[in-house]
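Engineer: Here is how the chains run, residue by residue.
2 protein chains.
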Amino acid sequence: MSSTRESAAAADVRAAARRGDLTGPTAGLATGFTQANLVVLPRDDAFDFLRFCVRNPRPCPVLEVTDPGSTEPAQTAPGADLRTDLPRYRVWRDGEAAGEPTDVREHWRADLVAFLIGCSFTFERALLADEIPVRHIELGLNVPMYRTAIECAPAGRFAGPMVVSMRPMTPAQAVRATQITTRYPSVHGAPVHVGDPGAIGIADLARPDYGEAVPVHDGEIPVFWACGVTPQAVAAASRPALMITHAPGHMFVTDMPDARLAAL
Amino acid sequence: MSSTRESAAAADVRAAARRGDLTGPTAGLATGFTQANLVVLPRDDAFDFLRFCVRNPRPCPVLEVTDPGSTEPAQTAPGADLRTDLPRYRVWRDGEAAGEPTDVREHWRADLVAFLIGCSFTFERALLADEIPVRHIELGLNVPMYRTAIECAPAGRFAGPMVVSMRPMTPAQAVRATQITTRYPSVHGAPVHVGDPGAIGIADLARPDYGEAVPVHDGEIPVFWACGVTPQAVAAASRPALMITHAPGHMFVTDMPDARLAAL
Chain A
17 MSSTRESAAA
27 ADVRAAARRG
37 DLTGPTAGLA
47 TGFTQANLVV
57 LPRDDAFDFL
67 RFCVRNPRPC
77 PVLEVTDPGS
87 TEPAQTAPGA
97 DLRTDLPRYR
107 VWRDGEAAGE
117 PTDVREHWRA
127 DLVAFLIGCS
137 FTFERALLAD
147 EIPVRHIELG
157 LNVPMYRTAI
167 ECAPAGRFAG
177 PMVVSMRPMT
187 PAQAVRATQI
197 TTRYPSVHGA
207 PVHVGDPGAI
217 GIADLARPDY
227 GEAVPVHDGE
237 IPVFWACGVT
247 PQAVAAASRP
257 ALMITHAPGH
267 MFVTDMPDAR
277 LAAL
Chain B
17 MSSTRESAAA
27 ADVRAAARRG
37 DLTGPTAGLA
47 TGFTQANLVV
57 LPRDDAFDFL
67 RFCVRNPRPC
77 PVLEVTDPGS
87 TEPAQTAPGA
97 DLRTDLPRYR
107 VWRDGEAAGE
117 PTDVREHWRA
127 DLVAFLIGCS
137 FTFERALLAD
147 EIPVRHIELG
157 LNVPMYRTAI
167 ECAPAGRFAG
177 PMVVSMRPMT
187 PAQAVRATQI
197 TTRYPSVHGA
207 PVHVGDPGAI
217 GIADLARPDY
227 GEAVPVHDGE
237 IPVFWACGVT
247 PQAVAAASRP
257 ALMITHAPGH
267 MFVTDMPDAR
277 LAAL
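Top to bottom, those sequences are chains A and B.
Heads up, the first sequence is in this note's numbering, so the first residue is 17 and it goes up one at a time.
Heads up, the second sequence is in this note's numbering, so the first residue is 17 and it goes up one at a time.
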């Protein structure tokens, strides 16, 4: 989807991961190229999971889904190998995390289907480009994430609550952030909620279910976006015999420029 | 997705089809509610077909996909029955049209999966609302549609060329039409081509592959949008043992207001 020249930085990150030279998080690497969440499931589960994603596009925006057994994301990173090109994976057995290898060749099977799902890095870059502050980035923390009372539309064995990420902003910034993220439907799009955390079932902003808490200052409101942790949490809760995902923060770097995800 | 009161007009259309009182085309009925293309396939084909749609969102925007065996589009028209609520169907056997019944209860099986796919009626209403003329509507004709040299991204047994619809406009109208249809990604979105038909493999605008030809006046250019005939043509070409679709022009009327499909 982009020339060799343009996507060299992205290919370099994948090659370093493949060689074992890169085993850490990908935040800040290959700036301008879209990073993606990875969920790999056996074919028997994959049709249900794809229906789940199609029914819940805010938390589960599908950037690409592979053919069963294929290790190549032919649309977003032709030639890449999803078994080796992420710096670190998490392997799940019966819904429990069972290791964080840097390569999953030994776990791969001919019936596996890989899902690449949009990640908030893309819209955070767009926010920062317009000087909308992003608190957790300023503080060098992980974004705070919360399970909500918003139930996803179920599909087959896949069901569960939406997980959201939160960024505190002034109301004026929240309006501008809504405009900016509306342009990026394939990386979660516009906020799903603004203001009162209790209205979506969040008891205490200081105690996120994932990531780290950040302060909400006077004059700010919490702004909530659907989060890519949702599909992984829902998939794990269904306890598939085998599931492979990226390790948190260790994303797949595609050849797709962030700019291409802008709907307008 | 909308109150009983709001969607009464849509429910009335479906009820008339169910009773057998409505067996004709749906254009102009329940104005303001989204109409959809229908493709029904056995589960064995449905996962490949859903991947095909996800890979080709311009021609194949999925509004809803049902669970195997379910006859209810729970998201876009809760309580409706896809076996009876369209005015006319087309039943396909081994890729050949094999009848146009007004009810498909006798053909239904527990392994069937239904796809509702966005239709250009929604964006045509948005064009007309801004006084962009739509030639085939002015002339009371079917929109002209053409097979192109643009190959869709294949998935499993599903592969083939993109079919496009064409509307002639002045260049200024084409720019405004691009802005307007960009707002509607789930009903084909922005044009895929403007101008020279030969550049996308169309030999003669006067000889459409589907629908009826319309004149392109001096000072106008042809504007091409991805068309919902694509998934039906691709599915038929794969010669599934059984496929059920709407008969041309006899769409499924959902409870979803067109306005809700606007991305912004």
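Bear in mind the hints are in silico, worked out from the structure with no lab data behind them.
Just to be clear, a hint being listed does not mean it is correct.
A few chain A residues that don't get close to chain B, going by computed Cβ distances all over 10 Å [to be verified]: (1) Ala25; (2) Pro58; (3) Ala62; (4) Val70; (5) Val78; (6) Glu80; (7) Val81; (8) Asp83; (9) Asn158; (10) Ala171; (11) Gly172; (12) Thr186; (13) Asp234; (14) Gly265; (15) Ala279.
Covered stretches of chain B, going by a simulated chain A footprint (3 or more residues, C-beta under 8 Å) [unchecked claim]: (16) 23–34; (17) 60–70; (18) 77–86.
Computed Cβ-Cβ distance ranges for the label pairs, DEER-style [as the list claims (entries may be wrong)]: (19) B:Val191 to A:Asp234: 41 to 47 Å; (20) A:Ala188 to B:Pro117: 40 to 46 Å; (21) B:Gly111 to A:Asp110: 54 to 60 Å; (22) A:Pro94 to B:Gly235: 28 to 34 Å; (23) A:Arg125 to B:Asp212: 20 to 26 Å; (24) B:Ala43 to A:Ala90: 44 to 50 Å; (25) B:Glu88 to A:Gly214: 32 to 38 Å; (26) B:Ala24 to A:Ala188: 51 to 57 Å; (27) B:Ala90 to A:Gly235: 55 to 61 Å.
We treat Cβ as the ideally placed atom computed from N, Cα and C, and that holds for glycine.
Engineer: Next step is simple, just say for each hint if it's right about the structure.
Structural biologist: Hints, one by one, checked against the model:
No Cβ of chain B comes within 10 Å of the Cβ of Ala25 (chain A); the nearest lies about 25 Å off, and the non-interface call holds. Distance check for Pro58 (chain A) against chain B: the nearest CB is about 12 Å away, which clears 10 Å, and the non-interface claim stands. Against chain B, the non-interface label of Ala62 (chain A) is violated: not every CB pair exceeds 10 Å, the least being about 7 Å. Consistency note on Val70 (chain A): stated as away from chain B, yet its beta-carbon is not over 10 Å from all of that chain's, at 6 Å minimum.
The Cβ of Val78 (chain A) sits about 6 Å from the closest Cβ of chain B, inside the 10 Å cut-off, so the non-interface label is violated. A Cβ of chain B approaches the Cβ of Glu80 (chain A) within 10 Å, the least distance being about 8 Å, so the stated non-interface status is violated. The Cβ of Val81 (chain A) sits about 6 Å from the closest Cβ of chain B, inside the 10 Å cut-off, so the non-interface label is violated. Listed as outside the interface, Asp83 (chain A) is inconsistent with that label: its C-beta sits roughly 7 Å from the nearest C-beta of chain B, within the 10 Å cut-off.
Taking the minimum C-beta to C-beta distance to chain B, about 29 Å, the non-interface status of Asn158 (chain A) holds against the 10 Å cut. At roughly 7 Å, the least C-beta separation between Ala171 (chain A) and chain B is not larger than 10 Å, which violates its mark as non-interface. The Cβ of Gly172 (chain A) sits about 7 Å from the closest Cβ of chain B, inside the 10 Å cut-off, so the non-interface label is violated. Non-interface call for Thr186 (chain A) relative to chain B: holds, since the shortest CB-CB distance, roughly 22 Å, exceeds 10 Å.
With a closest Cβ-Cβ approach of about 31 Å to chain B, Asp234 (chain A) is found to remain outside the 10 Å limit, as its non-interface label requires. Chain B leaves Gly265 (chain A) outside its interface by the beta-carbon criterion, the shortest separation being 26 Å against a cut-off of 10 Å. Its closest Cβ contact with chain B, about 6 Å, brings Ala279 (chain A) to no more than 10 Å, contrary to its assignment away from the interface. Interface restraint, the stretch 23–34 of chain B with chain A: violated (0 residues with C-beta to C-beta distance below 8 Å; minimum three).
Check on the stretch 60–70 of chain B: 5 of its residues sit with their Cβ under 8 Å from a Cβ of chain A, so the three-residue criterion for coverage holds. Against chain A, the stretch 77–86 of chain B contributes 4 residues with a C-beta closer than 8 Å to a partner C-beta. That satisfies the three-residue criterion, and the hint holds. Between Val191 (chain B) and Asp234 (chain A) the beta carbons are some 46 Å apart, a value that agrees with the proposed interval 41 to 47 Å. Take Ala188 (chain A) and Pro117 (chain B): their Cβ atoms lie about 58 Å apart, and the range 40 to 46 Å is violated.
Checked against the hint of 54 to 60 Å, the pair Gly111 (chain B) and Asp110 (chain A) fails, with Cβ atoms roughly 42 Å apart. About 42 Å separates the C-beta atoms of Pro94 (chain A) and Gly235 (chain B), a value inconsistent with the hinted range of 28 to 34 Å. Hint check: Arg125 (chain A) to Asp212 (chain B), Cβ distance near 47 Å, so the stated range 20 to 26 Å is violated. Distance hint for Ala43 (chain B) and Ala90 (chain A): a CB-CB separation of about 38 Å, inconsistent with the stated range 44 to 50 Å.
Remark: the range hint 32 to 38 Å for Glu88 (chain B) to Gly214 (chain A) is upheld by a beta-carbon distance near 33 Å. Between Ala24 (chain B) and Ala188 (chain A) the beta carbons are some 40 Å apart, a value that contradicts the proposed interval 51 to 57 Å. Taking the beta carbon of each, Ala90 (chain B) and Gly235 (chain A) are about 42 Å apart, not inside 55 to 61 Å as hinted.
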